[in-house]
Amino acid sequence: MTEIFVARSADLPEGARNTVEYEGRQIGVVRAKDKLHAFLNICPHQGGPVCDGLLIHRVEEIIAPDKTYQGMRFSETDLHIVCPWHGWEFNIETGKCAGDGKHGLKRFKTVERDGAVYVVV
Amino acid sequence: MQYRSSTPEFDRTIEGFHTGEHLVNARRQADARKLDDVLIVDVDCHHYETDNFAEIIEYIEDPVIKQGAVNTFAYKGSAAILMDQPGYQDIGGRVSRYLERKHEKIPKTANPREVEQTLRWMNALSVDYACLFPTPMLFMGLHPQAEVEVAMARAYNRWLTDNVLPSNPRLRSMLYLPFNDPEATYQMVKEYGHKPGVIGFMVVSTRYKPVYDNAFMKTYALLEELGLPLSFHASYNWNDQLVSMTNRFITAHAVGFTFFNAVHCANWIVNGLPERFPKLKVIWIESGLAWIPWLMQRLDNDYRMRTSEAPALKKLPSEYMRDMFYTTQPMEMVNNHEALELTFKMINADTQLLYSSDYPHWDMDLPSTIWDLPFLSEKSKRNILGLNAKRIFNLDVSDRFPDAKGKSDGMVDTFKQQVTPA
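In order, the protein sequences belong to chains A and S.
Heads up, the first sequence is in the working numbering, so the first residue is 20 and it goes up one at a time.
Heads up, the second sequence is in the working numbering, so the first residue is 968 and it goes up one at a time.
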């Protein structure tokens, strides 16, 4: 196992991301929901740079008890990262594709110590 | 550029967009597959003519339309003369290049900025030749004034053939036809059919003008004589009475981008136009592929019962459809490869299918979508990615592949080959 330096902790606040290269492949590291998340920067759809994409909460429908549609809202819990090439969305915590759970991002472990963030490969 | 997210903490600022960097993973894919050694012709991709709109409207010939357009443009932008549609194709900023590409820094040269911008993405995708189409003009067929569509089509085509196509031999176009005016359509083919870089003509299918109208017959005859393909490029009209029942863009797109092409294609066949113009090459663009087996099956089934309503036909509708050409994008990448493989078989993909990316639009497809298909031979992949286009557009590719000059690619003549009935 190899630890690759990603960033000083102070340089990776909530919502920020950094990308590192390892053996010709890019790994993106994102801090979101007070956790670090590291993914291979390749979308399983067509290979887009998914870690460069927007962080945005899952959109959900508001359905009243009588089953009528009442609009849409952003989830207060589920955060997605969106591939900027085509818009495929992935749950930041599970890496699973929101539209098709059979697809997912390749995850890496992260370590944070002594004020620095590392990804484990 | 500032992108607003669901909460301010995830708002994003992106600076210094570069098409080549945005597509670095595409370049890596191309390198891994050695696609630079493969002829790739992108039969459907786009630029934004609105990036040069002030320049283009100066090309409008009609003095009254031009005077009005120039003054209105000053406060209303391109909506001065172009139609627009509701919806947000960038999925609310999720597909970020829509906004970013507009502000991409391109060194100033004598050429319009899309020349360099287009070459950037072509190089990333390993595309050798690209057939460039406009973007907002794809709604002009819905303009209530046919003369405005004619004015814009003539201005755009003149601007494109004066400024873009001559700048690089890798850039080609099937020129926009103002199809709501049959006479202007005919004149356009007559006037521009021999211009360098023009490899055919394109009708935006989103309109309410039937292809069987007698007024178009001389245009089809001229195209057939010139050996230039006629293509129908899909689009959508959210205000169409049927499509207006959809309440999300996903539905308007999934249905709308197939609907108009399906109607025109059915009309084309049932009215016997393939019998009247047997050498005219017809291409259906940007409706994906899944609609083709659907229409083949529907028409064949009905035709066997209602043969008298399509008396010009000498074979099954599906057989005529197998003589037509189709672009790949947006290829429905279903989980079941058997469905896609069957579709390829039903449309004779080996000779009839043409790769298209639709870059920079949100549902663009990379060449790897074809190259990685497990059921295709390498020969088939090469046909679909470039050799079919080389054949039907009669492309000289010797500037990219000098060794190919004068050599036959061994392709089947689609108009002579035997096809198996459904």
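Keep in mind that the hints were calculated from the coordinates and are not lab data.
A portion of the hints provided could be inaccurate.
[What the hints assert, rightly or not] Just some of the chain A residues that point at chain S, by a computed CB distance under 10 Å:
| id | residue |
| --- | --- |
| 1 | 61 |
| 2 | 67 |
| 3 | 78 |
| 4 | 84 |
| 5 | 110 |
Glycine residues also receive a C-beta, built at the ideal position from the N, C-alpha and C atoms.
Verification of the hints:
no.	hint	result
1	61	holds, 6 Å
2	67	holds, 6 Å
3	78	holds, 8 Å
4	84	violated, 22 Å
5	110	violated, 14 Å
Hints 4 and 5, counting from the list given before, are not met by this structure.
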